[in-house]
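Number of protein chains: 4
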Amino acid sequence: MTGPKHSCGVVGIAATYNVVPALQKTLMIIQHRGQESAGITVFNDDGKMDILAGSGLVQVALPSNRLAELKGNSGIGHVRYPTADSKDEKNIQPFKVTTNFGAVAVAHNGEITNYDELEAKYLSAGYSFTTNSGSELVTKILSKHMSQHNDPIKAMKSMMGELEGSYALTIQIDNRIFGIRDPYGLRPLCIGEIEEGHIVVSESAAIDALNGTFIRDVAPGEIIEVMHDHFIPHKGPAHKHKANCMFEWVYFARPDSVIDEREVYDVRKRIGEILARECPADVDIIMPIPDSGRAHAIGFSIASGIPYEEGFMKNRFAERTFILPDQKERELAVSMKMNPIKSTVEGKRMVIVDDSIVRGTTLKKLISMLRKAGAKEVHVRVGSPPVIAPCYYGVDMRSREQFVANGRSNKEVCDIIGADSLGYISIEGLVEAINKPESELCLGCVSGKYPTRIPGETQRFQSKLNEEF
Amino acid sequence: MTGPKHSCGVVGIAATYNVVPALQKTLMIIQHRGQESAGITVFNDDGKMDILAGSGLVQVALPSNRLAELKGNSGIGHVRYPTADSKDEKNIQPFKVTTNFGAVAVAHNGEITNYDELEAKYLSAGYSFTTNSGSELVTKILSKHMSQHNDPIKAMKSMMGELEGSYALTIQIDNRIFGIRDPYGLRPLCIGEIEEGHIVVSESAAIDALNGTFIRDVAPGEIIEVMHDHFIPHKGPAHKHKANCMFEWVYFARPDSVIDEREVYDVRKRIGEILARECPADVDIIMPIPDSGRAHAIGFSIASGIPYEEGFMKNRFAERTFILPDQKERELAVSMKMNPIKSTVEGKRMVIVDDSIVRGTTLKKLISMLRKAGAKEVHVRVGSPPVIAPCYYGVDMRSREQFVANGRSNKEVCDIIGADSLGYISIEGLVEAINKPESELCLGCVSGKYPTRIPGETQRFQSKLNEEF
Amino acid sequence: MTGPKHSCGVVGIAATYNVVPALQKTLMIIQHRGQESAGITVFNDDGKMDILAGSGLVQVALPSNRLAELKGNSGIGHVRYPTADSKDEKNIQPFKVTTNFGAVAVAHNGEITNYDELEAKYLSAGYSFTTNSGSELVTKILSKHMSQHNDPIKAMKSMMGELEGSYALTIQIDNRIFGIRDPYGLRPLCIGEIEEGHIVVSESAAIDALNGTFIRDVAPGEIIEVMHDHFIPHKGPAHKHKANCMFEWVYFARPDSVIDEREVYDVRKRIGEILARECPADVDIIMPIPDSGRAHAIGFSIASGIPYEEGFMKNRFAERTFILPDQKERELAVSMKMNPIKSTVEGKRMVIVDDSIVRGTTLKKLISMLRKAGAKEVHVRVGSPPVIAPCYYGVDMRSREQFVANGRSNKEVCDIIGADSLGYISIEGLVEAINKPESELCLGCVSGKYPTRIPGETQRFQSKLNEEF
Amino acid sequence: MTGPKHSCGVVGIAATYNVVPALQKTLMIIQHRGQESAGITVFNDDGKMDILAGSGLVQVALPSNRLAELKGNSGIGHVRYPTADSKDEKNIQPFKVTTNFGAVAVAHNGEITNYDELEAKYLSAGYSFTTNSGSELVTKILSKHMSQHNDPIKAMKSMMGELEGSYALTIQIDNRIFGIRDPYGLRPLCIGEIEEGHIVVSESAAIDALNGTFIRDVAPGEIIEVMHDHFIPHKGPAHKHKANCMFEWVYFARPDSVIDEREVYDVRKRIGEILARECPADVDIIMPIPDSGRAHAIGFSIASGIPYEEGFMKNRFAERTFILPDQKERELAVSMKMNPIKSTVEGKRMVIVDDSIVRGTTLKKLISMLRKAGAKEVHVRVGSPPVIAPCYYGVDMRSREQFVANGRSNKEVCDIIGADSLGYISIEGLVEAINKPESELCLGCVSGKYPTRIPGETQRFQSKLNEEF
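Chains as they are written, first to last, in our numbering: chain A, 465 to 933; chain B, 465 to 933; chain C, 465 to 933; chain D, 465 to 933.
Worth flagging that the hints you see were computed from the coordinates, not collected in a lab. Quick caveat, the model's predicted, so the values are computed rather than measured. Hints may contain errors.
Identical copies go unnamed one by one, so any copy, or any two together, can satisfy a pair.
Unchecked claim - PhoX-like mimics (lysine-lysine), calculated; alpha carbons at most 20 Å apart, straight line: (1) K585 x K489; (2) K913 x K875; (3) K585 x K699; (4) K489 x K778; (5) K618 x K836; (6) K840 x K913; (7) K621 x K928; (8) K704 x K828; (9) K704 x K900; (10) K704 x K913; (11) K778 x K928; (12) K875 x K535; (13) K512 x K535; (14) K621 x K585.
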């Protein structure tokens, strides 16, 4: 129904020195947001913009010898998440073009929900597209508005008036670096100060890794220009209701990142505590599904007073389920990457804590492995409410058919996965754990109500974007 | 002064079957026109256009396993010549975009002389560019005119009204294949019939290799649409004077190709015959500089009655001088690729025949090697007049400074290269050998008079393009 | 002082079907034992032995398309650990040769301490070497004894009489598969039954992953031949004192493996419990250094009643410190792979639990990061006694200079790493945790007393190998 | 019936400076002798022997950046010819081992006819083999004799007493460089002086390319040690009849090389002259099959007075037929690499001259192409007598079944290939052209009589090797 999804990671840096090493480091820190490709652009001393990008992890896509050839005091970067239709190498970002107002590069995290409409509009106007990425669309729209306003900020605001959906963007125009967050703040973006420079980046953990200082989140609808010695905020179109994606805290972001003033680890631990309250269980041990369920399980253990144990050995030489592109590869990977630890499991009644259940296939396999290893009872507790609706904002959960919880009772799902009991955190509990008003969160995938217009779906907030900016 | 040069090879094929093998074969046949990169597009059964392109020779750029994944009954292809600023992988062709009127791919041989003007014009209009290739420019201009005319032929004619310089283009619009030749016919392009299909391609030799039948050359200013069962010619803007590049016969094309009704081998042999008449020499043997000088030398031998000998061993594991990107690599390569055959050379007076002299550095080295091997006299005969002016139409000869004959007498050049005598064919002789009126040839690089407007250069023909088409 | 070190992983499988997929799976499961190269041999239906081996992780070294070309009902495999002098590709294992008694392949985990003597001996006898690996030496010695005994078992026993040091070997002679463990049992090796087949492998976790059944450990000095339907044990030279490497439980092996009848996770948890008893601390939380310190920390938390917390975010896109080849790369990697979680750390007094301290450089960096993140007190507890002496049996700890604990008091080391206190488990505590007599363990690196003759070092056991076998 | 065939190229260089660039250059000059793999060894300043070797052409197998890391004043090199069973990468040469008398590397051109016997002998003695190449066998035999004699020259002489068949070897023992030629001189090897150094190499053309001076051929049975300032010849076992392979002059070697005092180009031209005398034809033109038939055709043209023409365009982007590994690839390649030049061919009666006919398949295809292009008569003249018997000395012509001339009359072959007439040079004519006594040539493949013992074949010379050396 829409253009391709991009739950990815973005960064932009301006400093008094060559930013290539900092871009590389940052992309490795936010690598969990996308492992399919990586790329950077920098503005070199000859007044030209150079690009290096490729398939695979940062260390493969951006080999050190090639990086060593790049140099520039400002640049942006991107890591891309694998989605079904994104294998095409031409979709590797940043997307870079030459325009009348300079070289322009764009890195995009999120999903433009009216991509098809906008593509059609610009195609009709005689534009052509070399990719099917939001990044290219952004350059086209930006170019059009630049030719009218001849001012980047004005052009970006006009552009934001056309874009719908989620976007955290870093944009480089010659040597100028901008960060933009959509009017609902669906995807994260924050600002930091680093040594003689500034950074806009998807997650705050990257600022830590650069020994920098976190300044603040980019506000919804805000445009930030970062320079080496300061940054300039510009107010763009914002909605009166924010809609931060709850899944960033539940699963997507690094535990050590602070997203919209809430530390991810802290939220997860609180989720575990609330889960223990909402869905208690009489068991011997609490076990996480590593790695993403650990903080939730620790919270559950502390709140319940039941000992925390690591009952699964995770093979770090296999990728995490959620990140793999298709169902077949997902199943193949399970037995290679998880093995129960017998001494922990044997004869025990246990809660296993996972961050979320989408298809349930991995979980079913894991429970069967636990039983084979001698587990007496296996109770599943889940750190997010049942996922019943698609995400249109950049998380690769598309069709209702794939959600095991869609149209099934708790009991039915519990039987399918083979657990002794199954408990999810409630929406209220999740909201409490995040500690933000429900009206400031995007809960689309668990409520079916979306912050923005999605054809065929329910819209939560009918009010318009703020037009006075 | 201009956009990048493309003396390359192009092809377009439509048939009732998968054309990928035929495209691959064709590109290998016209590989001599460009070894830096290769690419093809095809329109697949799902109604999408697929592309495969990469750096290097066809066998590297288009590996068999990847080709096997492509399928379509129509497609175009391109091989690219290395020029100084063309190393960038993004310039690999065909250039493919999505437009309002379908997927469009363009392969270009030649050089758009008003590239900078047109780029500036379209940038000002809000367009952005991802490459600096003529192919992308063509798509932009075509898109604009398509949005006005909504008819490919009309749009192509309007486009040709904007383009200056040389171009042999193959264009694919979804499953339709077009071939276009510039109003002067500067670069070659011809039509052939193959089994249940038709082809437009730079050189006729490719039609032979496909066991096809040569039909005719594309006329200057003509647009050809090829279908599997017929082809449709459309008259576009043409100049009353053709201007076929004389260098295609002298050096660039394969000897077995027929370009504008003149077989290349035949022209070269006649050049040799006329050279023997214009610049005779009292010698023992006639020797070619292999491989490109062979036909000229055979002609010289036959006309003079002096025996033909192969006095140089050419190492086929080194590239030909002219094709290498920079001066340093050129010099390095000489001693690796040519070695005199002592029995032939020792104690002999000889004519060595070369197709042309540009810098003269290779020739100087070769003559010195001949003398070291015992040659008694070395007389140089050249199959083209002295190159004294740049080519603006796609042959990589750019600055007057590099031409050894520029501003020097025949005697001076002869001394520089260390020959006993030096004789070039005259312009008249060359025209006679090609057997076309001088007014139908581009002799810009040997006369300094160009068929089209070139800032700072003399224009031969002041008349306008034919406007009635 | 010796030949190259090989702390690696080995496997041998015989079954009624193609064992290539099982070999691949096994190598991925024991990948943590070596990531520098991987290889397998199989005996194909044409009566020949095929080999596939390469640099890098299993998925890179043994690409699926290449594996698909291999087929055989018996085979061995190897993953190699990077050591300083092992970069050479020729050292990739298995080492395969043709001999008078068939094709022979050898995979070796461990280190032959008299490698130099044996190499010299065989060189003097007119043998030549293509690598400097123990595997090749093994083939040479085996070949010599085969030409005398013409019986593999007898030849292997004679070979074991020459070899000193540690070795877990898998050997393939045409279609026969053998596993051998050195007379002290220094390196692990166990036997399992899989579907219609048998396996010898470094760690039991691999048997689980193949849905097989663990049978038993290979005894010190034992030679096992595995067939598809049974296995045959042969008694070789053994020492009356075993000397199982304590580091396999402390750090090297997977937590879900059972080594010499002790589950690794269980031992580690007990180490944590004993540490809590031997070196208690008045703190708010117990934190592991992930991933290897988790089980120790959980044990400490349970025994002390102090809550367990995950205070470090580990970036799974960086390798673990210990596994990286040189000091420079080690330091570079620290900041990329660990970041403190502020909410957990800030204002807290904490114990951090690590499995061992070798150089102390990573730990120092981590403590400094914790303090920067607001930690009030940082107490270090270590799951192994101070490492003060080299390992000569295959763990890459070579010179005393590199051990921070060598010649320094506890206080001095504590100051160097910047901790508030530092406590190691005692040797007695470690022995208690492993729950084996001290006389059955190799404690060389913490005691300086070695089970076998090492020039310049103290030998624990003076008795000879059992000669009657 | 024997070990693998090696018609390859070898080189050894000793100088006062780093010989790596000279080795690379030499291998590119003798690249025509083998394109499947390339490798070099050098003895570096640290007293170790380094090796670099890989698959493919020199420029791929020995990439410049890797070569730049190698340095040494002495080294050897090898290019390998693709034979059916040689795809295995382990057979890439030089073969390098560590022995009791130093690091040893061996590069081999030729074929050890008693390979199987010797392999069995050494396997029985307890040796093991990692490859199935003559090079490794040579190291084993050399090692054995070194352990007896402790003198390289004596050991090499003893080794030559064991080896049968053809071999031109370059051997490096630490920093010493040796060249050895078999007792019959079957494969070429010559000595040259270069700047502050000496070289032994397969073909003299390489000495020219290094601006060196040809000294002389290595004599049959001779061992040459080259040093930077001189070379030392040692007399080894020689046969009183030389047996130089006639195919080196006819086809294999470069035309500019001088092999055993006969320049290749010169011999080929004389072959053409004698062919014109032995098998005249009443035609309009003489055409070569390029590239290898050119010199023969020029000779024919001069002797007959009939004009020489180049009637085939050869696509230099395809490999020569003979060099491709299997029949299928051979056929595929024909149409891609040869195209008749119509103006030359149409309506003409012609002789086409080829160096040799083995299978005849390519020739048949070419004649059919000529007829399609309008040739009136096509007469085939061949520069070697009919090939009717296998080569056991390193040319990849193995089974009698593949030879079109085997068991067929001239008329039958002529019909098969579709020629108007077919004429071969006679054995006597070939001997005359080479200008050496028939008793000094190996004519095995055209006479069926071999210089050395070959089980099942006729032996020409019964006399023994000279034993007094």
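Check: Of the numbered hints stated previously, which ones are contradicted by the structure, given in increasing order?
Finding: 1, 2, 3, 5, 6, 8, 11, 12
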